[in-house]
Amino acid sequence: MSYFPTSGSRSAIFWAYNSTAQTGVQVGDYFEVDTTHEITGNVSGGVTLDATSLVYGEMQTSGTVGQLDKVQTKFTRNSQAEGRGFQVATNKADAYDCDDGTYAKSGTGSQFLRYNATQVSPAPTLGSGVDQTRIFGFRVES
Amino acid sequence: MTYQLYAGTGSTPLARPTNLIELTRGINQSVATGTALILPTIRATNSGHGVTVNNTTGEITLPGGYDYYVQASIEINRNANTESFRIAFTDSGGTEITAANGGFDCVYEWHNSSTTTNVPNFTLSAVYVSTSPLSSIFLKCMSMTSGSVMTTNTSIIIVQVPK
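Listed in order, the protein sequences are those of chains A and D. Numbering of the first sequence is given in my numbering, commencing with residue -12 and proceeding in unit increments. Numbering of the second sequence is given in my numbering, commencing with residue 41 and proceeding in unit increments.
In short, the hints are calculated from the structure, not lab data. A portion of the hints provided could be inaccurate.
So the derived label-pair ranges between C-beta atoms look like this [as the list claims (entries may be wrong)]:
no.	chain 1	residue 1	chain 2	residue 2	range
1	A	98	D	187	40 to 50 angstroms
2	A	22	D	124	35 to 45 angstroms
3	D	86	A	11	13 to 23 angstroms
4	A	27	D	203	19 to 29 angstroms
5	D	124	A	8	17 to 27 angstroms
6	D	192	A	11	34 to 44 angstroms
In silico SDA-like pairs for lysine to any residue, Cα to Cα no more than 25 angstroms straight-line [said to hold, decoys possible]:
no.	chain 1	residue 1	chain 2	residue 2
7	D	203	A	127
8	D	203	D	176
9	D	203	A	22
10	D	203	A	25
11	D	203	D	123
12	D	203	D	73
13	D	203	D	163
14	D	203	D	119
15	D	203	D	82
16	D	203	A	24
17	D	203	D	118
18	D	203	A	39
19	D	203	D	175
20	D	203	A	28
21	D	203	D	84
22	D	203	D	92
23	D	203	D	91
24	D	203	D	117
25	D	203	A	14
26	D	203	A	41
27	D	203	A	27
28	D	203	D	171
29	D	203	A	35
No experiment lies behind these values; they were computed from the predicted model shown. Glycine residues also receive a C-beta, built at the ideal position from the N, C-alpha and C atoms.
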């Protein structure tokens, strides 16, 4: 039995979120997460995985009809869009909703993981955006 | 090879297993603002987890000595197409647990001006996550008009990780 290295004693559970709304989200933007627990984060969004992990993310979008009514997201590993465990769904009829995706990281070592907006249609107008992005994860031992 | 959640400093195997606990309900429940969702049926991967649910109040007790990730997957039959609602975890006093304390609500906000019928229900997710958890929590409707119903497709999954 082996364990992956961590930087000190941390829980198997980690999470991150943004404490303020993010407005004017455009295609390719990173969804901001400025608060982290049990994991290292970055001001521009994302978390640094320090062990094999399962990561789940979701967000609450805001806006009126026609704003942010179609959103696609992907986790990215470093600058590369990560296709594994990817899922998105927003209901066009209901502009305020949660969008989610999962990511399972294998291997060892730290890598940067971001929750990335890959499509926002139509382009958001003033007042629309993301009320809250959330990332939850579990370190696993193999 | 065995797999388990990783916890600790990196070399000592966990003395106790991680428990996965499922809470469900066998019949629909009428809900409105202030209603606690009651999911009294418990299944778990291991005995001895100590999590309980009050069948009357919906109170969920979380024994100490663990970190918790609690995720509710919620399906609501709204009383009207135009209905919006919000559901969140609260403490024992009924106060919503904020994001700073590990509480993350779920919101459905109706925006469409046209009538939508004959479409499947959506499910939304509310989360409570903490490494210094409360001993007692509730899953409550923070805003919802009467006449709506929580369906039996609603469930809570609790990941209980030994410290």
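Now for the hints, and whether the structure bears them out:
A beta carbon spacing of about 49 angstroms between residue 98/A and residue 187/D agrees with the range 40 to 50 angstroms that was offered as a hint. The hinted range of 35 to 45 angstroms is not satisfied by residue 22/A and residue 124/D, whose Cβ atoms lie roughly 27 angstroms apart. Under the hint 13 to 23 angstroms, the C-beta atoms of residue 86/D and residue 11/A, about 47 angstroms apart, miss the expected range. Evaluation of the 19 to 29 angstroms hint for residue 27/A and residue 203/D yields a pass: the beta carbon distance comes to about 21 angstroms.
Between residue 124/D and residue 8/A, the C-beta spacing of about 18 angstroms keeps the proposed range 17 to 27 angstroms intact. Between residue 192/D and residue 11/A the C-beta distance comes to about 41 angstroms, which sits within the given range of 34 to 44 angstroms. Between the alpha carbons of residue 203/D and residue 127/A the distance comes to roughly 15 angstroms, so the proposed pair stays at or under 25 angstroms and holds. Between residue 203/D and residue 176/D, the direct Cα distance comes to roughly 18 angstroms. Compliance with the 25 angstroms bound is thereby established for this hinted pair.
Between residue 203/D and residue 22/A the alpha-carbon distance is near 22 angstroms, which keeps this suggested pair within the 25 angstroms criterion. Pair hint residue 203/D plus residue 25/A holds up; C-alpha atoms about 13 angstroms apart against a cutoff of 25 angstroms. With a CA separation close to 42 angstroms, the supplied pair residue 203/D and residue 123/D exceeds the 25 angstroms bound. With a CA separation close to 36 angstroms, the supplied pair residue 203/D and residue 73/D exceeds the 25 angstroms bound.
Note on residue 203/D and residue 163/D: the hinted pairing is violated, with a Cα-Cα distance of about 31 angstroms set against a maximum of 25 angstroms. Taken as a hint, the residue 203/D and residue 119/D pair is broken in the structure, with Cα atoms around 43 angstroms apart against an allowance of 25 angstroms. For the hint linking residue 203/D to residue 82/D, the alpha-carbon distance of about 22 angstroms falls within 25 angstroms, and the restraint holds. At most 25 angstroms may separate the alpha-carbon atoms for a hinted pair to count; residue 203/D and residue 24/A meet this at roughly 15 angstroms.
At roughly 40 angstroms between alpha-carbon atoms, residue 203/D and residue 118/D are farther apart than 25 angstroms, so this suggested pair is violated. For the given pair, residue 203/D sits about 19 angstroms from residue 39/A by alpha-carbon distance, which is consistent with the 25 angstroms threshold. Under the criterion of a C-alpha separation no larger than 25 angstroms, the hint pairing residue 203/D with residue 175/D is consistent with the structure, at around 15 angstroms. Using a Cα cut-off of 25 angstroms, the hinted pair residue 203/D and residue 28/A holds, with the two alpha carbons roughly 23 angstroms apart.
Restraint check: the Cα-Cα separation between residue 203/D and residue 84/D comes to about 19 angstroms, which is no more than 25 angstroms; the hinted pair holds. A hinted pair counts as satisfied when its Cα atoms are at most 25 angstroms apart, and residue 203/D with residue 92/D qualifies at roughly 19 angstroms. A C-alpha spacing of about 16 angstroms is found between residue 203/D and residue 91/D, which places the hinted pair at or below 25 angstroms, so the restraint holds. This hinted pair does not check out: residue 203/D and residue 117/D have alpha carbons roughly 39 angstroms apart, beyond 25 angstroms.
Pair hint residue 203/D plus residue 14/A does not hold up; C-alpha atoms about 41 angstroms apart against a cutoff of 25 angstroms. With a C-alpha separation of about 19 angstroms, the suggested pairing of residue 203/D with residue 41/A holds against the 25 angstroms cut-off. Annotation: proposed proximity of residue 203/D to residue 27/A holds, straight-line Cα distance about 20 angstroms (limit 25 angstroms). Taken as a hint, the residue 203/D and residue 171/D pair is honoured in the structure, with Cα atoms around 9 angstroms apart against an allowance of 25 angstroms.
Taking the CA atoms of residue 203/D and residue 35/A, the gap is about 22 angstroms. The hint holds against a cut of 25 angstroms.
Of the hints listed earlier, those the structure fails to meet are numbers 2, 3, 11, 12, 13, 14, 17, 24 and 25, in rising order.
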